[in-house]
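As a plain string of letters, each chain reads:
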Amino acid sequence: MDSDKIGVFICHCGSNIAGVIDIKRVLNEIARAPNVFVMDHTYLCSKEGLNELKRKIAEEKLSKVVIAACSPRLHERLFRRAAEEAGLNPFLVEFVNIREQCSWPHMYSPTAATNKAIALIKMGIEKARLLTPIQRRYARAKKRVLVIGGGVAGITAALSLASLGIEVYLVEKQPTLGGHMAMLDKLFPTLDCSICILAPLMSEVSEHPMIKVLTLSEVTSIKGRPGDFEVEILKRPRYVNEEKCVGCIEICSKTCPVEVPNEFDMGLRPRKAIYLPFPQAVPLLAVIDPDHCIGCRNCEDACERDAIDFNQTPERIRIHVGAIIVATGYETFDARLKSEYGYGRYPDVITSLELERLLSPSGPTRGRVVRLSNGKEPRRIVFIQCVGSRDESVGNPYCSRICCTASIKEAICIKERIPDAEVFILFQDIRTYGKGYEEFLLKAMRDFGIKIIRGRASSVTANENGDDLIVRAENTLTGEIMEINADLVVLSVGLVPPSDTEDLARMLGISQSSDGFLLERHPKLAPSETMIQGIYIAGTIQGPKDIQDTVAHSKSAALDAANFVLHEKIELDPYVPTYNPDLCKRCRLCEEACDWGALTFDKEKGVIINSSACLGCGACVAACPTGALDMPYFTNQQIIAQIHATLENKCEFPLIVAFLCNWCGYAAADFAGTTKIQYPTNIRPIRVMCTARVSPLMILEAFKAGADGVLVVGCHPQDCHYRTGFSKAERRISALKKYLENVGINPRRLKIASTSASEGERFANIVREFVEELKKLGPIGSELVMKSAG
Amino acid sequence: MSASEQVIQLEKTDPKFVEEIIEYGSKIFGREHMETITACFQCGTCSGSCPSGRRTAYRTRLVMRKALLGLKDEVLSSEELWYCTTCYTCYERCPRGVRTTDIIRVIRNIAAKSGRMKEQHKRVARLLIRFGHAVPITDEFKEIRKALGLSELPPTVHSYPEALDEVRKLIKIMKFDQMVGYQESG
Amino acid sequence: MKYALFLGCMIPLRLPNLEYATRNVLAEFGVELVDMREATCCPDPIGIRNMDYLTWLAIAARNLAVADEMGLDILTLCNGCYETLKTAYVTLTEDAEMREKINEILAKANREFKGKAKVKHLLEVFYHDIGLQKIREMVKRPLEGLKVAAHYGCHILRPSEILKFDDPENPRKLDELVEALGATPQQYEMKTLCCGAGLRNVMSEYSIRMAREKLVRVKEAGADCMVVACPFCFIQYDMGQFEIRRLTKERFDIPVFYFSELLGYAIGLSPRELGLGMHRVKVDRVLKKIR
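Line by line, the protein sequences give chains A, B and C. Per this note's numbering, the first sequence starts with residue 1072, numbered consecutively. Per this note's numbering, the second sequence starts with residue 2, numbered consecutively. Per this note's numbering, the third sequence starts with residue -13, numbered consecutively.
So here's chain A without its partners, still in its complex pose (with noise of 0.2 Å):
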């Protein structure tokens, strides 16, 4: 409405956005606008800061508010709620992104980035204009939450939730829970026994009333949404009638004749095609291995209650929950990928987990040390640190953290077991970081006399009988080449993301980080969140870490899940389309777009949209030909309002629209912007929820209105949030394409790319490249003006 007044409020984030941003030449160019009020604010979200935003749009008698500040993915909440208290439907907030789109990435180029922020700021106000109130959408969320994994992580999650009178459905894929601390000896730093904290838990979990425990169990698909997951579970068949096996093992295994690999035991020993994993094993159950079990039947013929049973088939279990945790832990790395320390070519090099198993007092040696080759007590041992770890030769630059405390530990538990023996450990660096740890490494140094040296060991090789190892690493702090004759050598291996997390994450619609573990929402504010409501991670599938700290970052996913289903609603995204029937033509080609079966075509009615099945990904809006769809705060007219006022003034060559997809592209670009990557200013974002929002008309529009260039950024195709969405994309631009050949244009001004929310750095090179291109091209128009001078 043309009486409506604007308020705009700028942000100067402390230095964040005023040390880049010239606030006061933002100001006296806004202040220009025709019904626009504008002032700017220290730190708007802060307590003062909200209170003012309120009192001036009382005041001013505001009836729609520009909020330009950090990324709305950020404060987007906190400032529709605080215009709804100042009397404003909350969805006539507009938010310009002046920080980590602006004032971060051009930190050098402070009058472009200001000419950015003002362009910015215009389209933000130009959009405002056109909104119309929406009102909040809500559900309510099942009570009950899937926990896929049983290790330390989903144990801790699912007895917090139950406890809240939450319902637990705990999912996990081998046959018993524990993971891999029931496989550990003792812990850092107080030595005590793992699998004894561990398998209270483990009972607890398994008789509690509100969880139900799925072993030998994996996650199929998951359909629906946020509050109301549609899960699909398959359930290996056991072959043993949980009923009637009471665990005993003795007689059936006995008849047994396959024997195996134990994996429990890293392989160390060997167990038969009927077996129970370990002595603590809840569910306490036989299981026989499929893959091995040669159908003999003797264990059939041999057990005395029966409990056998050959004809049982894999189950499909389907259930509805309202929020899922995802904890599903680590695999270690695999140390066959350094080969110069000749693991699998030697057999007295272990690795950290096959050191654990032989220190068990349940593990194959009943918890003596022993070298592999000959059975007998080593009586030199070294540790390598850092295997796989640190490392970009194997692509692990990262820290797994845990390394450097659980090798003191081992060493120290060897030299409780062979005192004589003599313990090094070879250190890049010493994290001891963790409460009690520092103290533990002065126990290790001071009482046991375990040897440390810092240098990252070159290489392990036999000596001339064979029957020796040689462990050649440069001692950096002396300077001096070392070589320690060993008789066990034992590679601390690093924690890597479980071989299934890509595909689990696509199936979740959730991101993993660069280094392969899954995204949390925020490393310091949201540790246990994913982008996603409703999906939250749990221990070291966010990243490698200790088991004080996974059972921390546990209980609050606990908390993250059980805040989301317990509260009486919770609330949807609003981006449901309106429909207008006098505009529609009934080609249904909105039907085609549609995925999800949330559009049915009424002969009389015509278009009907089901709510509760839409997504809101807008592919039907920009499919539809007439405007007779449209989406509440991303309005065709809306939109094509964005696009003219930023072209409005051309400061800068080239000058690019982009519509960033708020899952991936817009978030690529925010974390481009907090990690401080810097790339030219020449883009002007438009946020979309989907790519497949883009409609070809607005993008010609955009040509029309001067844009040098238009850049689509939306998820790799196979991560979109909405599942086709980019894909529909990327074949409405195909076609566009050759629309804009057709018409003089040269097609390379029109670009669509793929970024995960974590490719900062992706999406700076995609700018950067885009404007170089563009540069060559020239200015829009420049190719029709040759064309005609011949």
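Among the hints, erroneous ones may be present.
In silico DSS-like pairs for lysine-lysine, Cα to Cα no more than 30 Å straight-line [stated by the list, open to error]: (1) C/LYS94 / B/LYS176; (2) B/LYS147 / C/LYS268; (3) C/LYS126 / C/LYS275; (4) B/LYS170 / C/LYS274; (5) A/LYS1747 / B/LYS28; (6) A/LYS1822 / A/LYS1808; (7) A/LYS1846 / C/LYS87; (8) C/LYS274 / C/LYS133; (9) C/LYS102 / B/LYS176; (10) C/LYS100 / B/LYS170; (11) B/LYS123 / C/LYS275; (12) C/LYS104 / C/LYS(-12); (13) A/LYS1522 / A/LYS1257.
Over the 10 Å line for every Cβ pair with chain B, so calculated as not near, a few chain A residues [claimed, not checked]: (14) THR1203; (15) ASP1558; (16) THR1671.
No lab work stands behind these hints: they were computed from the structure. Quantities reported herein were computed from a predicted structural model and do not represent experimental measurements. Ideal Cβ positions, reconstructed from N, Cα and C, are used throughout, including at glycine.
Using the hints, position chains B and C against chain A.
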């Protein structure tokens, strides 16, 4: 009382040395390749892998450290700088991706340009300029070739003198002949 | 199969028997060799490259340009030549600015680097172009009972990001070639250790001691002989055994073969046709071991 000579005093170091190395090498390998020297975190994998390291005082890790500290004279005039066999084992194993061998070569180039070139290497270079080969043919080997049924002179520049003129032209353009003290008569 | 033969310096001028054996063996496989008559030293990676990188690159580029004009891929017989020429090739094909700069210099000698001639090592030609199957078929005198320690050398494996011939820490192609001849590839410690040739000019004692380190390991493992793919490695281990004896009085008696020689013997060529008499460490005793 001045500090002991064993002490490194920052005022006596050349903080521009690293940049000099990076600049020089950038022309050949590109900046990114050369800037890897700044990523060195002194783990010692390079020295530990070095075949020269375990029988001489040469420490690859120390060369990187000293270069980063700006100990220019020490690095350029050290004997050990010439003990690297360029076996590339450290290059393959470096966990930070430091391009060790290439960096050593660049430092050697800088040392050579500042007049610290080994006489043995100058000799080899002069032979190349004179004959087109790093080792010249001798009568003994002419005989051996003949006895085997091969051509007396190998079918390379030894048999095709115009090619040698070409190479000499290139070397003169690069001023390499001056660098190694090659005179037309010698 | 036709290649431009790049002889380098060491083989034609100090180890002509290796040239002789290689020519004879490749002829048996029907490989046509055209001499690169205008080729010079690759140039020497130690002496020249250490002094002025650009001069080294220009001379290497000129050799590549010669092959471009011949319209053939280059076949090298030496690890040093291989790494030099291949690195120069990759540098000039990937860096357009550098290529322009070098071509400006080459133009003064009427040469142009076009990047058409690829660089191949003898072992590459045997393993990839000829293939193990063909080699097995050609073997008339399988080297059964012969335990051969394969020494790859540095510059056929590293830098692996440029050469991409085999796994730099765990190579197997030369072992597979040895196996194809009917011999047993003997595994030994420190398999990827440098022969030390790079130090020969500067610190000959250390250079000899490096060679010794490998010979000790090879002997420990019980190998009958060694096989190499580079004339520098050959000299380090063949003549080197005598230099070691002077230094430490140790005797190793481990004959060293250049790969073409071993292959030649297996496909039926006589010791005379392979110039085997010219080895410093005599090979007869070892050849008798073959059943």
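Evaluated hints:
no., hint, in the structure
1, C/LYS94 / B/LYS176, "14 Å, holds"
2, B/LYS147 / C/LYS268, "22 Å, holds"
3, C/LYS126 / C/LYS275, "16 Å, holds"
4, B/LYS170 / C/LYS274, "53 Å, violated"
5, A/LYS1747 / B/LYS28, "28 Å, holds"
6, A/LYS1822 / A/LYS1808, "9 Å, holds"
7, A/LYS1846 / C/LYS87, "25 Å, holds"
8, C/LYS274 / C/LYS133, "13 Å, holds"
9, C/LYS102 / B/LYS176, "29 Å, holds"
10, C/LYS100 / B/LYS170, "20 Å, holds"
11, B/LYS123 / C/LYS275, "46 Å, violated"
12, C/LYS104 / C/LYS(-12), "12 Å, holds"
13, A/LYS1522 / A/LYS1257, "21 Å, holds"
14, THR1203, "51 Å, holds"
15, ASP1558, "20 Å, holds"
16, THR1671, "55 Å, holds"
In this structure, the hints that do not hold are numbers 4 and 11, in rising order.
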